[in-house]
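Undergrad: Top to bottom, those sequences are chains P and H. Every number in our numbering is 562 more than the matching position in the first sequence, counting from 1. Every number in our numbering is 562 more than the matching position in the second sequence, counting from 1.
Hints may be right or wrong, so weigh each one.
Given that identical chains are not distinguished, each listed pair holds provided it fits within a single copy or across any two copies.
[What the hints assert, rightly or not] Calculated pairs, SDA-like style, for lysine to any residue (alpha carbon to alpha carbon, straight line, at most 25 Å):
1) Lys628 with Leu608
2) Lys620 with Gln865
3) Lys590 with Gly633
4) Lys632 with Gln948
5) Lys590 with Pro661
I should point out that these hints are in silico values taken from the structure, not numbers from a laboratory.
Here is how the chains run, residue by residue.
Number of protein chains: 2
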Amino acid sequence: MPKLNENFLKLEKNYLFINIAKKINAFKQANPDADIIRMGIGDVTLPIAPAVVDAMKKACDEMGVKETFKGYEDSGAGYDFLKEAVSGYYKSFGADVSPDEIRINDGAKSDCGNIVDIFGDDNIILVTDPAYPVYVDSNLMSGRKIIYADSNEDNGFAAMPDYDVHADIIYLCSPNNPTGSVYTREQLAVWIDYAKKNNAVIIYDSAYEAFITDPNVPRSIFCVDGADEVAIEMCSLSKTAGFTGMRCGYTVIPDKLKVIASDGTEVSVSQIWGRRQGSKFNGVSYPVQRGAEAVFTEKGLEQIHENIAYYQENARIIADTMSELGVKFTGGINSPYIWFKCPNNMGSWDFFDLMLEKIAVVGTPGAGFGKNGEGWFRLTAFGDRQRTIEAMERFKELIKSL
Amino acid sequence: MPKLNENFLKLEKNYLFINIAKKINAFKQANPDADIIRMGIGDVTLPIAPAVVDAMKKACDEMGVKETFKGYEDSGAGYDFLKEAVSGYYKSFGADVSPDEIRINDGAKSDCGNIVDIFGDDNIILVTDPAYPVYVDSNLMSGRKIIYADSNEDNGFAAMPDYDVHADIIYLCSPNNPTGSVYTREQLAVWIDYAKKNNAVIIYDSAYEAFITDPNVPRSIFCVDGADEVAIEMCSLSKTAGFTGMRCGYTVIPDKLKVIASDGTEVSVSQIWGRRQGSKFNGVSYPVQRGAEAVFTEKGLEQIHENIAYYQENARIIADTMSELGVKFTGGINSPYIWFKCPNNMGSWDFFDLMLEKIAVVGTPGAGFGKNGEGWFRLTAFGDRQRTIEAMERFKELIKSL
Numbered sequence: 563m564p565k566l567n568e569n570f571l572k573l574e575k576n577y578l579f580i581n582i583a584k585k586i587n588a589f590k591q592a593n594p595d596a597d598i599i600r601m602g603i604g605d606v607t608l609p610i611a612p613a614v615v616d617a618m619k620k621a622c623d624e625m626g627v628k629e630t631f632k633g634y635e636d637s638g639a640g641y642d643f644l645k646e647a648v649s650g651y652y653k654s655f656g657a658d659v660s661p662d663e664i665r666i667n668d669g670a671k672s673d674c675g676n677i678v679d680i681f682g683d684d685n686i687i688l689v690t691d692p693a694y695p696v697y698v699d700s701n702l703m704s705g706r707k708i709i710y711a712d713s714n715e716d717n718g719f720a721a722m723p724d725y726d727v728h729a730d731i732i733y734l735c736s737p738n739n740p741t742g743s744v745y746t747r748e749q750l751a752v753w754i755d756y757a758k759k760n761n762a763v764i765i766y767d768s769a770y771e772a773f774i775t776d777p778n779v780p781r782s783i784f785c786v787d788g789a790d791e792v793a794i795e796m797c798s799l800s801k802t803a804g805f806t807g808m809r810c811g812y813t814v815i816p817d818k819l820k821v822i823a824s825d826g827t828e829v830s831v832s833q834i835w836g837r838r839q840g841s842k843f844n845g846v847s848y849p850v851q852r853g854a855e856a857v858f859t860e861k862g863l864e865q866i867h868e869n870i871a872y873y874q875e876n877a878r879i880i881a882d883t884m885s886e887l888g889v890k891f892t893g894g895i896n897s898p899y900i901w902f903k904c905p906n907n908m909g910s911w912d913f914f915d916l917m918l919e920k921i922a923v924v925g926t927p928g929a930g931f932g933k934n935g936e937g938w939f940r941l942t943a944f945g946d947r948q949r950t951i952e953a954m955e956r957f958k959e960l961i962k963s964l
Numbered sequence: 563m564p565k566l567n568e569n570f571l572k573l574e575k576n577y578l579f580i581n582i583a584k585k586i587n588a589f590k591q592a593n594p595d596a597d598i599i600r601m602g603i604g605d606v607t608l609p610i611a612p613a614v615v616d617a618m619k620k621a622c623d624e625m626g627v628k629e630t631f632k633g634y635e636d637s638g639a640g641y642d643f644l645k646e647a648v649s650g651y652y653k654s655f656g657a658d659v660s661p662d663e664i665r666i667n668d669g670a671k672s673d674c675g676n677i678v679d680i681f682g683d684d685n686i687i688l689v690t691d692p693a694y695p696v697y698v699d700s701n702l703m704s705g706r707k708i709i710y711a712d713s714n715e716d717n718g719f720a721a722m723p724d725y726d727v728h729a730d731i732i733y734l735c736s737p738n739n740p741t742g743s744v745y746t747r748e749q750l751a752v753w754i755d756y757a758k759k760n761n762a763v764i765i766y767d768s769a770y771e772a773f774i775t776d777p778n779v780p781r782s783i784f785c786v787d788g789a790d791e792v793a794i795e796m797c798s799l800s801k802t803a804g805f806t807g808m809r810c811g812y813t814v815i816p817d818k819l820k821v822i823a824s825d826g827t828e829v830s831v832s833q834i835w836g837r838r839q840g841s842k843f844n845g846v847s848y849p850v851q852r853g854a855e856a857v858f859t860e861k862g863l864e865q866i867h868e869n870i871a872y873y874q875e876n877a878r879i880i881a882d883t884m885s886e887l888g889v890k891f892t893g894g895i896n897s898p899y900i901w902f903k904c905p906n907n908m909g910s911w912d913f914f915d916l917m918l919e920k921i922a923v924v925g926t927p928g929a930g931f932g933k934n935g936e937g938w939f940r941l942t943a944f945g946d947r948q949r950t951i952e953a954m955e956r957f958k959e960l961i962k963s964l
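One chain only, chain P, in its complex shape (with noise of 0.2 Å):
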């Protein structure tokens, strides 16, 4: 038998959110008649827009018909139509990126678990704890060294660099997931000046932006000064506009983004990444296409606000549970999740067991984010608003009961 790629064996036998609907599943087989409220995976509820529905649709009938037949992509990056939309959305909020710097793919998971592939393995990596699994599984599977920049309740779940340590290619998640901590502008500041200082590049995932209220938290790392010179951005219509099961995202490689090879000289990123997708991608689904770019259009984008509006209810209506109840959070606005402090000095994987079993409300234990989310705990508000405050009356239930 071919020899294995050994690394896989130093990770979790399985991605945290396949562990934790197994660990559902069991609940359901020995409780059937449970009603379970599931604020654990950060997935959405609510249906995708009629603006997307009806330009996917018109897609598909242009698929059927010979003139209007679409194959191969030729680039496989997104057809600029799509392109140009992404691009007119990030002028919206104040980011000049052209749209030959946006890549359209299947998702950001994707490109962010693949980005690794084009820089070598003796990078050293920095992530910060806690973070999305799949910044360090993909590093992990690679063999790469990973090191940690510490979020924990005294920075409010917001680690900042120290400059004493070096790191070549740097993880930020803002708003944050898990913990719904987000970066102002000076704070991005501080983290450009410090990937320019060690050459690094940071990855920055800006998944959850359009949950962003406050005019001092940029919605694109390209709404700061010097972003282009040192940062990857990735971002999915998953959150936005309810893509998840829809799979399309955008990576934004700015052209200044440049890597350096051992004799010196220097490599542009997004070439690089260009090749590495031309040989194992070949573009996103025309019809899903067509439904993105109906996004941003006028109506899409006001369809799609009403649904975000909805969730940032729903979070707020968490948080202010948390607040009665004088449970320490992050999150909550400007982010659909509210990242709070276990009661009684809990771990994490015991108050998920605890809310399973006696009120049958699912969360993510942050433990599974990195050894700082021990002890706190992930609920998102992308359910149900009537499920949502009956699983917030159970909650209150409960810890007045500990």
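Knowing the structure of chain P, use the given hints to seat chain H on it.
TA: Chain H in isolation, oriented as in the chain P frame:
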């Protein structure tokens, strides 16, 4: 700046088909009135079957209604409805593949390129030459040692194993891209035997299986005894059902297939690949999966078979032209590709330029697929009937003028 993965510098700067597209664009600029016929890239031209369009539109409507909306797939490996449909399809040509051994993806290229991630970098890779560039490029990107089995005029461009040479991972493609050659059941049995003797894994690309008409040419490697102990199969709906712009394929990893860790323990390939995909892939768009399901219904199969028959007739027209002209070729039967020897011992790229300049017909230079492709040329049967006939008329003139 972070260190580059230097393996990327060993690659051709662009993926083959991007280079060809550039040549065509330059020709078009110089000759804006030229009536170019494209028989180069293996893209289909007939529209998606009506049953597929209907199923996709229905799924788009479902996505627009809260009660039927679909978010993330639990597994990311495909919905049961589609895995069961693919399993039934395999059964129809004698391969016993259970739904759990099937993973749905966004096209064969992604899995084909990414599968190497789960294997150690010290495996020896065997590729038949000429071959689809992804097999080579995806291994060059990770710095693996590649050895070649020669496909050439003497063996009908269907390389067989050399038992004196060891390999750990073997890429086979039948019907072959680019040569149109096929492996018989007996030939595949030899490759399986070789793989077993070398404890090797075969990565079997069956993307063109729908074009097979000869009953002694298996539609899947899993039609052959013992394959489930040594093979991974990758297939796609791109050529089967015109899904090049829809993006859906599937990978079969048998439960029996193991890979060995350095401590001697056997690890399930399916489990490790699932772990990789859990972190780096989030499944295929729900409407696309519903469209793919419709391909395998009675009505869908009837409709796609009409399209395949159309392309097969194109292949016959091209093959008959070659026979009439006395040009040596393989393929054209069991395959949408015709692989012919360039006249007068011309080099592949010289002949590409000649065809483009003299008769405005675009093909693919055999040299782009490996050293044994030099002096050979690929044409595809995926074009329009009248344009294919027109191209062959021009081709006859060209050959007679030489």
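Undergrad: From the Cα coordinates, with 25 Å as the cut-off, is the pair Lys632 and Gln948 best called within, between, both, or neither?
TA: Between copies, since 20 Å is at most 25 Å while 43 Å is not.
Undergrad: From the Cα coordinates, with 25 Å as the cut-off, is the pair Lys620 and Gln865 best called within, between, both, or neither?
TA: both (18 Å within a copy, 21 Å between copies)
Undergrad: Please work out whether the CA atoms of Lys590 and Gly633 approach to 25 Å or closer within one copy, between two copies, in both situations, or in neither?
TA: between (44 Å within a copy, 21 Å between copies)
Undergrad: Give the relationship of Lys590 and Pro661 under a CA distance limit of 25 Å: within one copy only, between copies only, both, or neither.
TA: between (47 Å within a copy, 24 Å between copies)
Undergrad: When no copy is named, should Lys628 and Leu608 be tagged within, between, both, or neither for a Cα gap of at most 25 Å?
TA: For Lys628 and Leu608, only the inter-copy Cα distance (6 Å) is at most 25 Å; the intra-copy one is 34 Å.
When held up to the earlier numbered hints, the structure conflicts with none and fits them all.
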